[in-house]
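Protein sequence lines, in the order shown, are assigned to chains A and B.
For the first sequence, my numbering assigns the number 26 to the initial residue and increments by one for each residue that follows.
For the second sequence, my numbering assigns the number 26 to the initial residue and increments by one for each residue that follows.
Think of the hints as simulated: they come from the structure by calculation, not from any bench.
The reader is advised that the hints may include incorrect statements.
Identical chains share a label here; the pair holds if one copy fits it or two copies do between them.
Pairs of lysine to any residue, SDA-like flavour, derived with a Cα cap of 20 Å [claimed, not checked]:
no.: 1; residue 1: K71; residue 2: P177
no.: 2; residue 1: K71; residue 2: R148
no.: 3; residue 1: K71; residue 2: C99
no.: 4; residue 1: K71; residue 2: N82
no.: 5; residue 1: K71; residue 2: A88
no.: 6; residue 1: K180; residue 2: F112
2 protein chains.
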Amino acid sequence: MGAALELWFDFASTYSYLAAERVEHAAAAAGVTLIWRPFLLGPLFKAQQGLDDSPFNRHPVRAAYMWRDVARECARLSIPWTRPSSFPRNSVLAARVAQVALDEPWGPAFVRRVFRANFAEDRDIAARDTIVELLAAAGADPDAALARAVAPEHKDRLRRATEEATRRGVFGAPSFFVGDELFFGNERLDLALARAAGGMMRA
Amino acid sequence: MGAALELWFDFASTYSYLAAERVEHAAAAAGVTLIWRPFLLGPLFKAQQGLDDSPFNRHPVRAAYMWRDVARECARLSIPWTRPSSFPRNSVLAARVAQVALDEPWGPAFVRRVFRANFAEDRDIAARDTIVELLAAAGADPDAALARAVAPEHKDRLRRATEEATRRGVFGAPSFFVGDELFFGNERLDLALARAAGGMMRA
């Protein structure tokens, strides 16, 4: 019996999108239980690096590569891709709703739809109307889910999740945990899964 | 007939070490010609980010992960590893000598020995005595190689290499080029090789 895989993600993160597109199939194939952990990169970047923006927006050379690399990876993996016209998008509302969603069977479907809205359809995931539509498409009652998501209890829950990420050594997304073992970046998904399944994969 | 693979590396870079340990065997297996391109990260970090030190030394949380990740990768890939007692080590002399070395058949052997000295044996690769010993072990005439390496022509050559890296969009190491296509990070070695061999590998 293997350990679970935690995927810590932010809906604004390009490489989180790549991980989210692959993780369900990969975890199922490895026989590993997947735990989705939404959190916010913004407060983490602020606390660790004093940044008020994505690190990519402070480093244009690295950003130019990131956009090329993500488009290339999407093409390679047959993942739909449209470069968002705004980056990073505000992911606070979507993350709050995702926490509520992930208590329900339709949670993963909602997560997938939010990522696709941002990175395949160039839609504003910060807009309430967008979230309502994505909730309905995932099979939820949008008004009920939104009412729960913006209640103080779920605002606190997202803040605590971000604090937990910080405490456990997260510095970016996607990040994977298998127990206390941290794997950073979409490129580490297969290694994290191998660890969770009970061994370390050899190259 | 495939394209060549350029590996841009700095002897101070942990992930360059991982790439250097794997690249010769992997390139040969893919039928791809390998071109070693030493350069200096220091001037690049200074120009792009205003840094006078490794970015890892400015971001302790990320650095803690990097040390764990590199040790884990070395264990997985059976690469010898000792965390250097000084980081980043000054790699200027070693890079100058490497340029001279890579004009000769014993160049790759010298490069491998410098990386192992830094990351497997915790030796000071900035020390002339260390370089002399590594040159001799690689089959070179140390005095002749050192005399050439510190000549103005080779100082200029290293400066120009670093300028070329900057001009082509490099922001860290290891970086791979296949023609104009940039792949950043040890994790992209296999994709870069697949591109060089004439196709894009599918996951």
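How the hints compare with the structure:
no.: 1; hint: K71 - P177; in the structure: neither (23 Å within a copy, 45 Å between copies)
no.: 2; hint: K71 - R148; in the structure: neither (26 Å within a copy, 37 Å between copies)
no.: 3; hint: K71 - C99; in the structure: neither (29 Å within a copy, 32 Å between copies)
no.: 4; hint: K71 - N82; in the structure: both (14 Å within a copy, 18 Å between copies)
no.: 5; hint: K71 - A88; in the structure: both (19 Å within a copy, 17 Å between copies)
no.: 6; hint: K180 - F112; in the structure: neither (23 Å within a copy, 41 Å between copies)
Taken one by one, the earlier hints fail for this structure at numbers 1, 2, 3, 6, listed in ascending order.
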